[in-house]
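Participant: Protein chains in written order, with our numbering: chain U, 1491 to 1671; chain P, 103 to 353; chain C, 28 to 380.
Any given hint might turn out to be false.
Claimed, not checked - The list that follows gives simulated cross-link-like pairs (lysine-lysine, DSSO-like), each with its CA atoms no further than 27 Å apart:
(1) U/Lys1638 - C/Lys31
(2) U/Lys1635 - C/Lys31
(3) U/Lys1593 - U/Lys1635
(4) P/Lys254 - P/Lys131
Honestly, the hints are just simulated from the structure, not real lab data.
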Amino acid sequence: MTQKVIIAGFGGQGVILAGKLLAYTGMVEGKNVSHIPSYGVEMRGGTANCAVIISDQEIASPLVVHPTSLIVLNKPSLLKFEDSVTPSGRILVNESLIDREVKRKDVVVLYVPANKIAEEAGNGRSSNMVMIGAWLAVTGLFSQKTIKESLPRVVSKRNLRYNEINERAIDMGYEYAKNAG
Amino acid sequence: MKAVYERPRTLRDTPMHYCPGCGHSIIHKLLSQSIDELGIRERTIVVAPVGCSVLIYNYLDCDGSEAAHGRAQAVATGLKRARPECVVVSYQGDGDLAAIGTAETIHAANRGEKFSVIFVNNAIYGMTGGQMAPTTLAGQPTKTTPFGRDPKEIGPPLRMCELLSGLEAPAYIERVSVHDVKNVLRTKKAIKKALKNQIEGAGYSFVEVLSMCPTNWGMTTRQASSWIEENMIPYYPLGVYKDRGKERNAK
Amino acid sequence: MGEKVLMRGNEALCESAIIAGCRFYFGYPITPQNEVPAYMARRLPEVNGCFLQAESELSAINMVWGASVAGKRVMTSSSSPGISLMQEGISYLAGAELPAVIVNIMRGGPGLGSIGPSQSDYFQATRGGGHGDYRTIVLAPQSVQEIADIMIDAFDLADIYRNPVVVLGDGVIGQMTEPLVLPKPSTRTLPRNDWVLDGASGRDARVVMSLRLSPPGALETHNLHLKEKFCEMERNEVRYEEYELSDAQLVIVAFGTAARVARTCMQKARGLGMKVGLLRPVTLWPFCADALGALAEQRRVKAFLTVEMNLGQMLEDVRLAVLGRKDIFFYGRTGGSVPDEDELFGKITEVFS
């Protein structure tokens, strides 16, 4: 098993954190993992993405050229990465902010109204966690329990107060994907 | 018979390379006397600059470190922070301290680094053969200002004491001179005070010493002393520019 | 074995430096290594160390001199343009035989270049970098675990040879997060510090300098002494790793992140029956020329392929080692771009056909 995931969106949407959560959970589950954030001149509001690999094998290249999963939180990210996804890979689209359909026919697509679900969970900024929940549901790679246990280990102290909302967002994203599937 | 004068313990009994009439040898002696009187030879580390006094560590019988040109106060910063129990002295000329090392000087002063700086200002580059220094006076001819320094083209000479005394952190800033006996004695007092400040943990102490360079000024030693009196002191007034200890006592 | 933790390369190297006993850090912010000063600023005070943000890289490297001459374990870090500014200081450290660890998390150049990951400071690092006749040991990690392990070694090597040691990572190594087990402190016996400046109490005064004016020939004598050390490093400190070399017909030579991409391509090529191996230099200087020379002697080895994140710098060392005995191909990306798996695989296929 090797999962190569690219998570992309605006800076501030928490894509780097979402990637770190996957990597940390993978480590706890005994997998080999790597996580590379894009590091640009942009801070809040710019584009951001990260590449995560979770594998049973030793990870040679940590760079992800052809992701098995692409999680996009905004439109520019979909335009940028759509073509790179490996055939029969998955694309998870945040439909709250992306008004364009995936053109590829050889991939599995799931549209998630992540911002809307996050609002319902208690904070629109948890859209990253909704997407992680949805990704869990479609890949079945980790349990909701381990990922929720990993959450406080990767968020900054200052953001620990959102833990409950984030957990709820993960659950709701998971449920949404299960029902949509 | 009672000895009335002896070579200071810290000053090595070795011939110096300095030209006749150069101020460095006097300042080395004053520094050595101050170190002796404070009993700190065995914990003093002198940081040598690049310039005429590059070999100061050969003349003082205490630990010494080289520093790249202009970087003496960066070296002194690392040294003092690593060895707070030692007395660290950065001994620098005008090119080293006020041209290539201006940033290091200002930032060490602004951090209030707890070492002592002796700044020898002779208004010229000696080691390289008489080029313009940042402190070369207006109109003063040098190898690289053959028609005299033109402040309209290259700015007026830098006054380091005035510049640094605008900073909050330094503990003590004074300008002195070694062109005559009376001023040599005052210089001794200032250097000793800068060291004492450090021993007491008072913070950054800076002593600018106006000094003669007869060779590169193209003068006799006597003329060089008068030149300081007549030309340098009017532009570089002597005196205490900052003394936090005194300010504290006054309050 | 200790507990696995997930850390960024830039942070892991700091924690490892602290384990190695480094208590002094002087540096100046520059992307992509900003996590290093940030980590040290928070962490060093907890272990009674000293972090200081210098006014420039020039100052930083000379503050390093100050703490080093005081006999303390000290490091700085920067990225390519900042490392260029430090070269004068590194030359002085080598001349004065002062230990220090300098971490370069490389970005694209020349000039201000880009902030993307790069390996384009290979020449600078492996040829000394500053003025004068000297070398520095250059260690090139490929993972977060390895950069942590290398830091322990780097401080020891700096002390053993009394010479600056360069840890040369690229932006990916610095920014990447991977699990690692933090290394244990070294148990090596180190030489006595009988040169340290701490005040001439009960001993003769000491001077540490690189200036050697007299007697005539003093600098030549000193430089020949330095050369002895460099020869010793060449004899004792060459480190490299071999992957699938026993039957390899094509030998890829790559270090750092480029080596990891190369390994992926090697595995893919092997899956298709191409006998590809990889030699990964860990020390870029001293270089594993003997190992490469021995491979060049083997009849089954048909060619070498050097892979770098630059326009061909280590390539020159590979050429010097192979000495025309076999063909040498090159694949590189420059300006802050990383090697592309597809492109590299294409190159391997091309070389094989």
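Participant: State for each hint whether it applies.
Facilitator: We went through each hint and held it up to the structure:
With a C-alpha separation of about 19 Å, the suggested pairing of lysine 1638 of chain U with lysine 31 of chain C holds against the 27 Å cut-off. With a C-alpha separation of about 20 Å, the suggested pair lysine 1635 of chain U and lysine 31 of chain C falls inside the 27 Å cut-off, and the hint holds. Between lysine 1593 of chain U and lysine 1635 of chain U, the direct Cα distance comes to roughly 34 Å. Violation of the 27 Å bound is thereby established for this hinted pair. At roughly 39 Å between alpha-carbon atoms, lysine 254 of chain P and lysine 131 of chain P are farther apart than 27 Å, so this suggested pair is violated.
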